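Colleague: If you read the protein sequences in the order shown, they are chains A and B.
For the first sequence, numbering that gives the first Met the number 0 gives the first residue as 0, with consecutive numbering after it.
For the second sequence, numbering that gives the first Met the number 0 gives the first residue as 0, with consecutive numbering after it.
Because the hints were derived from the structure by calculation, they are not lab data.
In this text, all values refer to a predicted model and were calculated from it rather than measured experimentally.
Treat the hints with caution; some may be incorrect.
[Unchecked claim] DSSO-like, lysine-lysine: derived pairs with alpha carbons at most 30 Å apart:
(1) A/Lys20 x A/Lys33
(2) B/Lys34 x A/Lys65
(3) A/Lys33 x A/Lys99
(4) A/Lys99 x B/Lys40
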Amino acid sequence: MGLDTGIKGLGVDLMEIERLKRSVERRGRRLLEKIFTEEEIRYCFSMGEPYQHLAARFCLKEAVLKAFGLGLGRGVTLRDIEVKLNELGKPYVEIHGRLKEKAEKSGVSRIIVSMSHSGEYAIAVAILTG
Amino acid sequence: MSESIEARAKRLIAEQFGVDPEELKPETHLVKDLKMESLDKIELIAAFEEEFDIEIPEEEAERNVTVGQVIEYVKAKLGVK
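All chains, full assembly: derive it from the sequences and hints.
Modeller: Set out below in structure tokens:
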């Protein structure tokens with residue numbers, strides 16, 4: 000008790016890949032651009048199964064918001080959370096705008112993330128540390 | 000007569016949540032009654048932008064949580080009383 004783990008937040012999100020696919024098919028590029036950056040869109044559509052990659056990224060963005068205890072709105076959008084891959088293919092996030100300000104104010108210096116997909120589902124977790 | 004703003008708005012909301020437009024009352028709450036999730040919200044914003052040719056920032060959308068508020072918001076955006 001009283002042990003400072005340095006953990007400032009935890010978030011998880013799970014979604015049906017088909018759910019995102021249906022939304023994108025209905026609303027097209029306009030919807031994609033409200034959620035993803037150009038680079039994310041390009042990467043995912045360069046893959047054989049774009050929707051599993053898009054869904055995992057959507058989950059990761061939602062997991063980060065949850066870790067901060069935020070919903071959408073208040074000037075924060077999913078595009079403010081950008082999912083990238085390092086040279087080993089491990090994901091990391093870069094945050095922008097209001098969310099970045101919020102992180103600085105709350106003393107969050109690192110966001111540790113992981114994402115996965117299997118069959119019909121995609122999932123992601125995010126941990127905030129000082 | 001062409002479809003009213005109210006009818007068009009209700010049609011979009013009804014389509015999004017798979018309900019009958021007749022069931023939508025001004026006080027119907029998007030989250031509490033229609034169980035709106037984050038993706039529904041983004042989809043609805045995209046649908047309204049397309050239907051009415053307007054731009055809807057998320058922080059403005061945030062303030063409209065009932066069907067009636069959404070309709071009033073669209074009317075205000077279009078400059079209709």
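Colleague: Compare the structure with each hint and give your call.
Modeller: Against the structure, the hints come out as follows:
With a CA separation close to 15 Å, the supplied pair A/Lys20 and A/Lys33 stays within the 30 Å bound. Taking the CA atoms of B/Lys34 and A/Lys65, the gap is near 18 Å; set against the 30 Å cutoff, the hint holds. Between A/Lys33 and A/Lys99 the alpha-carbon distance is near 18 Å, which keeps this suggested pair within the 30 Å criterion. For the suggested pair A/Lys99 and B/Lys40, the alpha carbons sit about 23 Å apart, so the restraint of at most 30 Å is met.
The structure meets every hint from the earlier list without exception.
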